[in-house]
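Chemist: Spelled out from the first residue to the last, the chains are:
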Amino acid sequence: MFRVYLDHMATTPLDREVLSAMLPYLENSFGNPSRPYDLGSEAKDAMERSRESVARLINASPEEIIFTSSGAEANNLAVRGLAKANSKRGMHLVTSEIEHHSTLNAFRALQKAGFVVTFLPVNSLGEVSVEKLESAITERTTLVSVMLANYEVGTLQAVREIAEIAHEKGALVHTDAVAAAGNVEIDVKKLGVDALSLSAHTMYGPKGVGALYLREGLRIVPLIYSGIQEEGRRGGTENVAGIVGFGKAAELARRHLDEVERVRWLRDKLIEGVLEVEKVELTGHAEKRLPNHASFIVESVDGEALMMALSFEGIYIGNGTACISQVLRASPILLAMGYPPQRAQCSAIFTLGRKTSKRDIEYVLSKFPGVVEKLRKISPLWDK
Amino acid sequence: MPKEPEIKFVEGIVPDAVEDVVYRMCPMHLMRLEERMKELKKGEILELQTDYEGALVDIPDWCRKTGNELIGVEDTGEFFKFYIKKTVD
Chain P
1 MFRVYLDHMA TTPLDREVLS AMLPYLENSF GNPSRPYDLG SEAKDAMERS
51 RESVARLINA SPEEIIFTSS GAEANNLAVR GLAKANSKRG MHLVTSEIEH
101 HSTLNAFRAL QKAGFVVTFL PVNSLGEVSV EKLESAITER TTLVSVMLAN
151 YEVGTLQAVR EIAEIAHEKG ALVHTDAVAA AGNVEIDVKK LGVDALSLSA
201 HTMYGPKGVG ALYLREGLRI VPLIYSGIQE EGRRGGTENV AGIVGFGKAA
251 ELARRHLDEV ERVRWLRDKL IEGVLEVEKV ELTGHAEKRL PNHASFIVES
301 VDGEALMMAL SFEGIYIGNG TACISQVLRA SPILLAMGYP PQRAQCSAIF
351 TLGRKTSKRD IEYVLSKFPG VVEKLRKISP LWDK
Chain W
1 MPKEPEIKFV EGIVPDAVED VVYRMCPMHL MRLEERMKEL KKGEILELQT
51 DYEGALVDIP DWCRKTGNEL IGVEDTGEFF KFYIKKTVD
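Chains as they are written, first to last, in my numbering: chain P, 1 to 384; chain W, 1 to 89.
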């Protein structure tokens, strides 16, 4: 069966070049990077080259990169680590209602530990209001965390303006760039952020490795205690092969950034075609969104049912953040954007990748109307 | 039994270099201390900041072994500032 994978926000396929780069570190070069002998130092050198490559992707210095086990760990480290490191200065934190669960739940855990957290609302396009942020920050605010792009609706946030406002008031700024990395250019200096989370598997690297950019000179309380790994900021013997794969993935991401326009063009064709089906609405911002992202509410069609029905046609899409879509029917992101629960269950997310072709989009558009019609026929909500 | 080194608490020392390893895990305080001391000239002072309480034993011990002078420690309440003078090349 012809297969079209359009769920690149959930994960991406491992690039063959990434796999080739990783293999030696799963076979002969297996040394522990903390050992000074040649087997250890060749692993350490490879890891440091990867650190340089990841740093280059976001215009940071290698010393500012802390490797983690995932984007979720990077978000946890940033939120919990920075909040705790600055708790003498203040106990107020600010984030948005549409962050990834790894960020939201880290803030909720801090609330239980005595911190005060403001969860900023978003508008119907999924944008955090800069004005509301400004009025939320107090002199006790130490950290603001707002994602660069949202996984479910693709909306890009005004992180640069958010950082300017937060810094004026003396708060640090973290952004979750997991969804954005590899899809848009990221420059930590232009964004003006103090911390930024990345994940390898959403940019054609392996699962099980992420990174936190932490601006030089900032203190952070570790999540995982051990010894000298990651300069004493994240314990545990490093996932050398994973980190090497991440380095290669970052190198490839830089190389492929100029293909964004091709992906955007295909994405626009997809949006055009999908919107031809009646009672389908684009969610998120029409322009200020990830170039590979198209998300919709398909009225009276349960998002999970659509995802499964399309998979039987060889088409793979998403219906919400991968880790929560299995347990929650209505998307909390869409609810936060003001959609009623009945409509927030009808989420369909198409995210294109480097290998998505015109033929793929044509195939999806040839199948989508029929699948929707079939599901609507059996939907108790469809009133035609 | 080796004699416990005595620690003098000080305030207002002006260092030539500062190394911040607050919240970094042991033994970063010793690794960075060694690295930074190599960069200093004889007579210069390093301020090493750490929240690791074990440093109250490790750093005096390191100074005794290497022959460098531990001028003293300042306790900020949140972390310690160790002042170490390079006295040997």
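It is possible that part of the hints are untrue.
To spell it out: a stretch of chain P is covered by chain W in this simulated footprint if at least three of its residues, at any positions, have a beta carbon under 8 Å from a beta carbon of chain W; those stretches are [what the hints assert, rightly or not]:
no., region
1, 221–227
2, 337–343
Pairwise CB distance ranges, derived in the manner of DEER restraints [what the hints assert, rightly or not]:
no., chain 1, residue 1, chain 2, residue 2, range
3, P, L26, W, E39, 22 to 30 Å
4, P, Y316, W, E74, 20 to 28 Å
5, W, G43, P, G227, 27 to 35 Å
6, P, D187, W, E39, 26 to 34 Å
7, W, I13, P, R16, 17 to 25 Å
8, W, G12, P, D258, 28 to 36 Å
9, P, E161, W, D75, 25 to 33 Å
10, P, E231, W, K65, 20 to 28 Å
No lab work stands behind these hints, which were simulated from the structure alone. Source: prediction; values computed, not measured. C-beta: ideal position from N, C-alpha, C; glycine also.
Chemist: Three residues or more, CB to CB closer than 8 Å: is that satisfied between the region 337–343 of chain P and chain W?
Modeler: violated (count 0)
Chemist: Should the hint that P:L26 and W:E39 are 22 to 30 Å apart at their CB atoms be regarded as holding?
Modeler: Taking Cβ atoms as reference, P:L26 and W:E39 lie about 38 Å apart, which means the hint is violated.
Chemist: CB of P:E161 to CB of W:D75, is that within 25 to 33 Å?
Modeler: violated, 41 Å
Chemist: Please check whether P:D187 and W:E39 have a Cβ separation lying inside 26 to 34 Å.
Modeler: holds, 31 Å
Chemist: Is the hinted range of 27 to 35 Å satisfied by the C-beta distance from W:G43 to P:G227?
Modeler: Because 33 Å falls inside the window, the suggested range holds.
Chemist: Are there three or more residues in the region 221–227 of chain P whose C-beta lies closer than 8 Å to some C-beta of chain W?
Modeler: It holds, with 5 qualifying residues against the three required.
Chemist: So does P:E231 sit 20 to 28 Å from W:K65, Cβ to Cβ?
Modeler: holds, 24 Å
Chemist: If you check the beta carbons of W:I13 and P:R16, does the distance land in 17 to 25 Å?
Modeler: violated, 57 Å
Chemist: Does 20 to 28 Å hold as the CB distance between P:Y316 and W:E74, or does it fail?
Modeler: Check failed, 60 Å falls outside 20 to 28 Å.
Chemist: Starting from the hint 28 to 36 Å, judge whether the C-beta atoms of W:G12 and P:D258 obey it.
Modeler: Hint violated: Cβ distance 56 Å, outside 28 to 36 Å.
The structure does not agree with the numbered hints 2, 3, 4, 7, 8, 9 stated previously, though it agrees with the rest.
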